[in-house]
Amino acid sequence: MALLAVEGLAKRFDGFFALRGVDLAVEEEELLAVIGPNGAGKTTLLNLIGGELSPTEGQITFRGRRIERLPVYKRVRLGIARTFQIANFFPALSVNENLRAALRRGRLGLRWGRGVAERVEEVLKLVGLEKKQDTKAAELSHGEQRLLELGLALSLEPKLLLLDEPTAGLSLAEREHLVELIRGLGGMGIILIEHDIGTVLELAARIIVLHRGRVLAAGPPAEIKGDEQVQGIYLGRSDAEA
Amino acid sequence: MRVRIGRLLGGGALALACSAPFYLGPFALYLLAEILAWGLFALAFDLLYGYAGMLSLGQSVFFGVGAYAAALGLLHSGLGGGAALFLALGVTTLLSLGLGTLLVRVRSHGFIVLTLALAVIFYLAALNLRGLTGGDDGLSVSVPLTPRWDYFVNLAAVVIVFGGARWLVRTPLGLALQLVRENPRRAASLGYGVGSLRLLAFTLSGLLSGLAGVLYLYTAQFVSPELLDWPTAANPLIWTLFGGAGTLSGPLLGTGILLLAREWLSSWWSYGYPILVGILIILVVRFAPQGLWGLTKRWRSLR
Amino acid sequence: MGLGEHLAFQALNGVVWGLILSLMALGLNLIYGVLKIINVAHGGLYMLGAVLAWALTPLLGFGPALLLAALAVGLLGMALEVTVLRPVEDRPVMTIIVTFGLLLLLEHLVLLFFGGAPRSLPLPAVLSFSLPLFGLHYPGYRLIVALLAGLVAGGLWLLLHRTRLGLKVRAVAQSRELALALGLPLAKIYLVTFGLGAALAGLAGALTAPLVSVSYRMGDPVLVSAFVVVVVGGLGELEGAALAAIALGVLEGLLAVWTSPTLARVLALAMMSLTLLARPTGLFRRGLPEPESWA
Chain S
569 MALLAVEGLA KRFDGFFALR GVDLAVEEEE LLAVIGPNGA GKTTLLNLIG
619 GELSPTEGQI TFRGRRIERL PVYKRVRLGI ARTFQIANFF PALSVNENLR
669 AALRRGRLGL RWGRGVAERV EEVLKLVGLE KKQDTKAAEL SHGEQRLLEL
719 GLALSLEPKL LLLDEPTAGL SLAEREHLVE LIRGLGGMGI ILIEHDIGTV
769 LELAARIIVL HRGRVLAAGP PAEIKGDEQV QGIYLGRSDA EA
Chain U
40 MRVRIGRLLG GGALALACSA PFYLGPFALY LLAEILAWGL FALAFDLLYG
90 YAGMLSLGQS VFFGVGAYAA ALGLLHSGLG GGAALFLALG VTTLLSLGLG
140 TLLVRVRSHG FIVLTLALAV IFYLAALNLR GLTGGDDGLS VSVPLTPRWD
190 YFVNLAAVVI VFGGARWLVR TPLGLALQLV RENPRRAASL GYGVGSLRLL
240 AFTLSGLLSG LAGVLYLYTA QFVSPELLDW PTAANPLIWT LFGGAGTLSG
290 PLLGTGILLL AREWLSSWWS YGYPILVGIL IILVVRFAPQ GLWGLTKRWR
340 SLR
Chain W
496 MGLGEHLAFQ ALNGVVWGLI LSLMALGLNL IYGVLKIINV AHGGLYMLGA
546 VLAWALTPLL GFGPALLLAA LAVGLLGMAL EVTVLRPVED RPVMTIIVTF
596 GLLLLLEHLV LLFFGGAPRS LPLPAVLSFS LPLFGLHYPG YRLIVALLAG
646 LVAGGLWLLL HRTRLGLKVR AVAQSRELAL ALGLPLAKIY LVTFGLGAAL
696 AGLAGALTAP LVSVSYRMGD PVLVSAFVVV VVGGLGELEG AALAAIALGV
746 LEGLLAVWTS PTLARVLALA MMSLTLLARP TGLFRRGLPE PESWA
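Chains S, U and W, in that order, give the protein sequences.
First residue of the first sequence: 569, per the numbering used here; consecutive thereafter.
First residue of the second sequence: 40, per the numbering used here; consecutive thereafter.
First residue of the third sequence: 496, per the numbering used here; consecutive thereafter.
What the hints contain is simulated information worked out from the structure, not anything from laboratory work.
Mixed in with the good hints, there may be bad ones.
In silico negatives: residues of chain S with every beta carbon more than 12 angstroms from chain U [said to hold, decoys possible]:
| id | residue |
| --- | --- |
| 1 | E620 |
| 2 | I635 |
| 3 | A649 |
| 4 | E665 |
| 5 | L671 |
| 6 | E717 |
| 7 | I750 |
| 8 | A773 |
Each computed BS3-like pair below joins lysine-lysine, with the alpha-carbon atoms no more than 27 angstroms apart [unchecked claim]:
| id | chain 1 | residue 1 | chain 2 | residue 2 |
| --- | --- | --- | --- | --- |
| 9 | S | K704 | S | K693 |
| 10 | S | K700 | U | K336 |
| 11 | S | K793 | U | K336 |
Glycine included, C-beta positions come from ideal geometry on N, C-alpha and C.
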């Protein structure tokens with residue numbers, strides 16, 4: 569049974585379909601990359617899986633459970649975590665406090681006690697922000713903010729991690745660091761939205777190409793790389809940039 | 040250092056407040072007792088706005104319903120003061136729970152307008168249901184409390200609620216509320232039940248507003264539909280803003296200062312107070328959005 | 496009056512009132528759509544329009560007083576926008592608070608200078624006629640008000656959709672960033688839009704002055720109705736607000752056939768509020784749902 573299965577997913581906004589007839593599946597511990605030009609519907613897809621939007625049609629099954637009608641917080645407790653395209657944290661709190669916020673008990677409160685401090689230390693070490701743990705989140709550099717984003721999602725110990733363009737705006741060194749981090753993540757399925765083809769080819773076990781809300785192509789990196797349609801619309805441009 | 044000054048001031052204020060009945064006359068005590076009741080209302084408002092981040096222009100509904108429920112309990116059911124209080128608290132809790140369930144699903148602008156509409160609806164309803172509420176004549180009650188005892192009751196209520204609220208906002212639950220205020224989207228995606236937390240805050244605020252309403256009733260011994268109308272709901276917003284939202288002590292301070300100012304101004308310029316408040320609001324929002332408390336923080340951090 | 500006539504009378508009243516309310520709602524929506532300001536002072540601007548009309552009619556006659564009142568309120572609006580509102584335009588909750596302060600000031604300054612007693616503005620004889628309509632003699636002035644309100648609303652639509660200024664205004668309402676990038680003069684557009692919105696409120700007030708008693712608090716009930724209508728119609732949706740306004744007016748009017756006016760008002764407001772619960776973003780809201788924000 570796949571970790572996540574999406575069938576016939578569609579999302580309509582007042583007259584236009586952001587997504588239509590989307591099918592995909594993610595296995596446990598597999599990294600699926602979703603690529604496509606701007607406006608193809610990638611973030612909408614993530615919002616649908618994460619729970620911020622409900623689908624107009626279709627179903628989403630996570631570990632055998634239908635989740636498309638569940639609110640965000642329930643999906644988080646089932647084991648889905650996400651990062652946001654524009655880093656989304658608590659700006660007035662320190663990095664440490666932000667991560668503590670991710671460790672909550674039930675839906676009403678935070679967790680307390682020694683276990684929490686240790687867990688926060690672990691995550692800080694994992695993403696590499698130990699030295700900055702008392703800095704206010706708003707004062708972090710762009711790259712550090714992205715690491716915090718990832719740290720927040722990882723603190724939730726997810727089974728499915730949704731990453732929305734995690735390397736956007738990063739320097740080469742920062743991007744490499746993040747890619748290494750992601751590569752080292754185990755024990756979870758990952759859906760990665762990315763613009764940078766290099767990153768995608770490095771990390772993805774499978775790739776799905778979205779175009780105008782539909783799945784244009786799906787398969788392992790080698791296949792996608794060689795697909796002419798995809799090259800024309802997307803890879804061709806990226807190659808020119810690279 | 041800051042905590043100690045705060046505690047000293049707080050302790051001093053409390054000592055002063057406790058000794059007041061021994062050198063103040065009944066009218067002054069009455070005024071202070073009223074200020075305390077309104078201060079409690081401001082605390083209820085601050086919990087909802089300053090801590091949970093929800094701006095409601097309709098908390099007057101719970102204040103007024105609390106007052107009316109207690110009044111009706113006293114007048115028609117022959118209840119004693121304590122029983123009427125509990126009746127009123129029960130009614131306001133149920134009301135805020137019920138309304139809150141509907142309201143917390145609505146986004147910020149809609150929420151604000153709905154609470155506004157709610158206040159107007161309740162106000163007009165109270166005006167119309169003369170049989171129940173006495174219409175714009177209102178209801179008079181007599182409560183066997185001397186000004187001195189009434190003052191102490193209100194003071195005790197404020198101290199207890201203030202203490203309780205200060206404790207609450209530091210608990211995991213209180214912190215979760217503030218997370219929801221800071222970034223609801225992020226909080227939801229970290230697994231917090233944003234809707235449930237908001238409902239909790241709304242119900243708590245409604246309950247405390249109702250309590251404030253009952254205390255006001257016992258002090259003023261009179262309730263009228265104006266207490267339900269939206270200008271009454273706007274007052275704690277003004278006091279809280281002036282004192283500093285999200286600080287608990289700020290709203291109390293703001294209420295005290297502004298109501299004393301109103302009392303003073305009304306003796307020689309009856310239009311003065313609203314004009315003062317209007318100008319004050321504009322100045323505060325422009326230059327000191329954190330209120331008085333924020334100013335003192337800034338002053339302290341500069342030294 | 497038989498039931499049929501009563502209903503027709505009330506329905507007509509409702510349409511007239513709804514059209515006036517839609518002027519208010521259009522102004523509010525315009526201000527919100529372009530400047531992202533939730534203008535609580537709108538009720539005060541309405542009241543000011545009525546008060547100015549009352550004050551100027553003995554000197555200039557009703558027609559000119561009407562125009563001058565609307566113009567003056569529009570200019571005041573522009574002055575307020577530049578001085579008081581600029582600093583808070585990026586924070587919606589703060590705009591509510593600041594404009595509330597403005598409302599207090601407007602109302603109580605008027606109280607100071609015009610006194611608290613409600614005044615009435617008698618109609619000039621030429622306008623005090625009635626037309627036979629649906630078996631009633633319906634006051635002609637009200638029909639003129641409805642006509643004027645409709646014309647102004649239509650004129651506003653033309654302004655927004657057929658002129659270059661209107662295009663710029665709509666562009667800013669759609670996307671501030673894009674407008675900036677295109678080099679549009681944001682400050683000027685803000686100024687003009689707020690002035691226009693304010694003038695609409697002032698006009699609504701001036702038109703209503705002969706129909707109700709003019710007092711410093713007359714804007715309060717209108718304010719609440721206008722807000723409910725705007726939010727129900729969908730913030731920023733001009734046509735939606737106008738429709739919702741007329742719906743509320745007619746609803747209130749019809750309900751008043753069976754119950755007292757205040758109860759009719761309560762019921763109408765309650766019904767509108769319920770639609771808001773069913774469709775939290777408004778009935779006619781277009782575009783993508785915004786993420787949760789309580790800024």
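Comparing the hints with the structure gives:
no., hint, in the structure
1, E620, "8 angstroms, violated"
2, I635, "14 angstroms, holds"
3, A649, "7 angstroms, violated"
4, E665, "9 angstroms, violated"
5, L671, "9 angstroms, violated"
6, E717, "10 angstroms, violated"
7, I750, "19 angstroms, holds"
8, A773, "25 angstroms, holds"
9, S:K704 - S:K693, "18 angstroms, holds"
10, S:K700 - U:K336, "25 angstroms, holds"
11, S:K793 - U:K336, "59 angstroms, violated"
The structure shown violates the earlier hints numbered 1, 3, 4, 5, 6 and 11.
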